[in-house]
Amino acid sequence: MTNHNIQSLKPGWNRNEIASKIANDLPHGSYVNLGIGMPELISQYVDKGKEIIYHSENGLLGMGPPAKEYEIDYELINAGKKPVTILPGGSFCHHADSFSMIRGGHIDYCVLGAMEVSEKGDLANWTTGAGIPAVGGAMDLVAGAKNVFVMTQHLTKENLPKLVKTCSLPLTGKSVVTRIYTNYAIFDVCDNGLKLIKMNTQINFEFLEKHTDAKIIK
Amino acid sequence: MTNHNIQSLKPGWNRNEIASKIANDLPHGSYVNLGIGMPELISQYVDKGKEIIYHSENGLLGMGPPAKEYEIDYELINAGKKPVTILPGGSFCHHADSFSMIRGGHIDYCVLGAMEVSEKGDLANWTTGAGIPAVGGAMDLVAGAKNVFVMTQHLTKENLPKLVKTCSLPLTGKSVVTRIYTNYAIFDVCDNGLKLIKMNTQINFEFLEKHTDAKIIK
Amino acid sequence: MEVNKLINSINDAVAEVFDGATIMIGGFGEAGSPVELIHALIDHGSKNLTVIANNAGNGRIGLGALIGQRQVKKVICSFARSPKSITFKEQYENNEIELEVVPQGTLAERIRSAGAGIPGFYTATAVGTPLASEKESKFFDGKEYILETALSADFAFIKAENSDRYGNLSYSKTARNFNPIMSMAAKQTIVQVKNIVGESLTDPEKVITPGIFVDKIVEVNNPIIETNAIDNGEVYP
Amino acid sequence: MEVNKLINSINDAVAEVFDGATIMIGGFGEAGSPVELIHALIDHGSKNLTVIANNAGNGRIGLGALIGQRQVKKVICSFARSPKSITFKEQYENNEIELEVVPQGTLAERIRSAGAGIPGFYTATAVGTPLASEKESKFFDGKEYILETALSADFAFIKAENSDRYGNLSYSKTARNFNPIMSMAAKQTIVQVKNIVGESLTDPEKVITPGIFVDKIVEVNNPIIETNAIDNGEVYP
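Chains as they are written, first to last, in this note's numbering: chain A, 1 to 218; chain B, 219 to 436; chain C, 437 to 673; chain D, 674 to 910.
It is worth saying that the hints were derived from the structure and are not from the lab. Heads up, none of these hints are tricks.
With a cut-off of at most 35 Å between alpha-carbon atoms, the simulated DSBU-like pairs for lysine-lysine come out as follows:
#: 1; chain 1: C; residue 1: 579; chain 2: D; residue 2: 720
#: 2; chain 1: A; residue 1: 10; chain 2: A; residue 2: 120
#: 3; chain 1: D; residue 1: 747; chain 2: A; residue 2: 82
#: 4; chain 1: D; residue 1: 860; chain 2: D; residue 2: 808
#: 5; chain 1: C; residue 1: 571; chain 2: B; residue 2: 392
#: 6; chain 1: C; residue 1: 509; chain 2: C; residue 2: 483
#: 7; chain 1: C; residue 1: 574; chain 2: D; residue 2: 816
#: 8; chain 1: A; residue 1: 218; chain 2: A; residue 2: 48
#: 9; chain 1: C; residue 1: 574; chain 2: B; residue 2: 413
#: 10; chain 1: A; residue 1: 68; chain 2: D; residue 2: 762
#: 11; chain 1: D; residue 1: 860; chain 2: B; residue 2: 338
#: 12; chain 1: B; residue 1: 433; chain 2: C; residue 2: 574
#: 13; chain 1: A; residue 1: 50; chain 2: A; residue 2: 120
#: 14; chain 1: B; residue 1: 228; chain 2: B; residue 2: 239
#: 15; chain 1: A; residue 1: 120; chain 2: C; residue 2: 623
#: 16; chain 1: D; residue 1: 816; chain 2: A; residue 2: 146
#: 17; chain 1: A; residue 1: 21; chain 2: C; residue 2: 441
#: 18; chain 1: D; residue 1: 879; chain 2: B; residue 2: 300
#: 19; chain 1: D; residue 1: 811; chain 2: C; residue 2: 623
#: 20; chain 1: B; residue 1: 268; chain 2: B; residue 2: 286
#: 21; chain 1: C; residue 1: 441; chain 2: A; residue 2: 82
#: 22; chain 1: A; residue 1: 195; chain 2: A; residue 2: 218
#: 23; chain 1: A; residue 1: 68; chain 2: D; residue 2: 879
#: 24; chain 1: A; residue 1: 82; chain 2: D; residue 2: 746
#: 25; chain 1: D; residue 1: 879; chain 2: A; residue 2: 50
#: 26; chain 1: A; residue 1: 120; chain 2: A; residue 2: 82
#: 27; chain 1: B; residue 1: 228; chain 2: B; residue 2: 416
#: 28; chain 1: A; residue 1: 174; chain 2: A; residue 2: 198
#: 29; chain 1: D; residue 1: 816; chain 2: B; residue 2: 392
#: 30; chain 1: C; residue 1: 520; chain 2: C; residue 2: 509
With the hints as extra help, turn the sequences into a complete structure.
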């Protein structure tokens, strides 16, 4: 990637704009698991006219917003181990029951970050292969949720494409991602590649193809 | 079996006496599942100085005595579908959790009736092969409980031995019975046969051997 | 817009059941048995059903009546030999209904497995018995186990004590039995409940079936007491 | 004589732990983590332990301290990379401690399986990933699954909210997590509980862990709040 390319890169949508787009696509009444990090932004953009039920894999269904200072209870935390709240209609369960919700196909949507996504929907997001390998619930979520959404920057910090023909990093799951939201565009994972659903207005298709290693279908 | 034999047959212990012997052998604090029928007699003979916790496989731990007329609640029943009570310290659970107690080896003792028991500890007690086959929880209990006690008459209604070399009826479990209580004697199932633990005083060893097809070890 | 799974009419609640469907029916004996949902299904008239339940019905109400109406082609259960199981017995003896006998714990675990995304598991139950014939076996630490597969359904009929609008359920005593696991294992879970408690169950620690496993809820305040109904010779319809 | 699993001294509660034992430790982060039992184990001094937990400890208290004392030879967990997991990181980077990484849901299910008498089960989780290498696979309905085996332990260390003398337990909110399933999966289950409530928990519908899964109970009224302790730089012993 040359300096020229870096200078010409457009920011596209910011994190909050991506979060808002995902929030719009979550249907009323759906059961949703939001991954740690960027996906945590999504819930604040959900239209007040919809009720979404949030699942946290540590045994909390009906999770509410982060706990305010005076609400903090270290026995009421989310999967990121941060103090949260529980909404009316919420419930607690143990880990095997909580992961039955995930693995048994009861979670309608999960949204996760990515290091790489392949054009077949393979996801790599748990380890670079260096350091302490730590997977958490990511492999369960991608194997079990009905719809697996990826929320990610289109390019790595080195400006390399994250959407690739074949993942080079260790996989989290094979053919699991159903939809990808980046700062540049939204794609559905199809049998023959990534189908472009929406593109940021700052960029054009040529630019998108140049910065995407995976096959894009118009 | 000749008339002479039938006339010479001694009754041995009655059902209540057998129940009392089993009750004596259940240790304080043990978790016990009593099968439908004769084993239901056992709990009334448990010494007041011991506390036994009864499990009923339909999701009741800490089962109490049968419900009195004024206590009847058709939503509080035992595995035989009869109204019962729950004792302090009792709890309810769903069927998979209840059978986890059985199948996971958490029930210390189960006591079941028998059509046949082999000298290897095979048990047949669920079907004669005719009529509607119906197994209930018997196969789970014999496969899972730490100690499987059989409580049975020594002879069939036709005065044939129930303790046999090899079961002729369809099995409930293979090499599962640990101890047998009959009206004539008590046996432990050992590698090389049924070890005689106690014998009714009305009978002698010769008589016992004559009416037992399985190998008895003195 | 609020999540609200309550349905006013019990007939609407079962309206999507189709001919040839597989239906799980909760309950152990009469405790937790969704008799009114079954009666609505009799009215609805679906045929060639496969029923997964612990028993095969009693008398001529509830599951006993559904079988009596010849709507059921197959029963998967642990114990079909109850003295009051008259409609099943009659059809079984005439080879008019199929039976798959499953040990009660294996039945429960197969149902839970379907709900938990486990297509198969190994168990010691039934090893060496006729119910293990034709089943794959495998040794773990020198002991033999057989492979059992998940048991799922198109619909689950559930009876519960309390529900809120999300479908969070609590049960009464041993009426819990198969209901929580069946609610996990069906594509559509339909619940008859004694009391609708409004916004939410009072205590989130006390929810037994979380609403995620529930699709439709109908209130039946005074359900039939099966024992009394059978003693009184009641027949549906 | 009455069933009574209460033990007065926390040191007595862990006295049977032996060198080389496998120990499950409940909790997810600090919620439900039996810090005081772990500290008693540090005092007890057992070595070469295998620990099964979701994480690998934080700071220098609880599991972080146990690892820091070099009593642990292996950790089986889903996530050992927390920023505060300092003692594990140090030993892992020096090849002084073993790690088996297990996806969190598979970890939970393997533990529950041990408690439920299931030696192995199939799952879609991790199929096609490095964590599936060397695992048997099998197709069900055309989809690939891998075989995972039960995970049991010699001891389980559990933290609960309330207990009666039978060991019936309830938990507080998300402090439930791994505790109920670990209590099923160990030969000896040792519980630290905030409140002993006497004869029985008030409501038999509300028991989360039935006493059958519990061996020893010790009361710890005011357990350490890990977050605060770590922020304060506390170190055990």
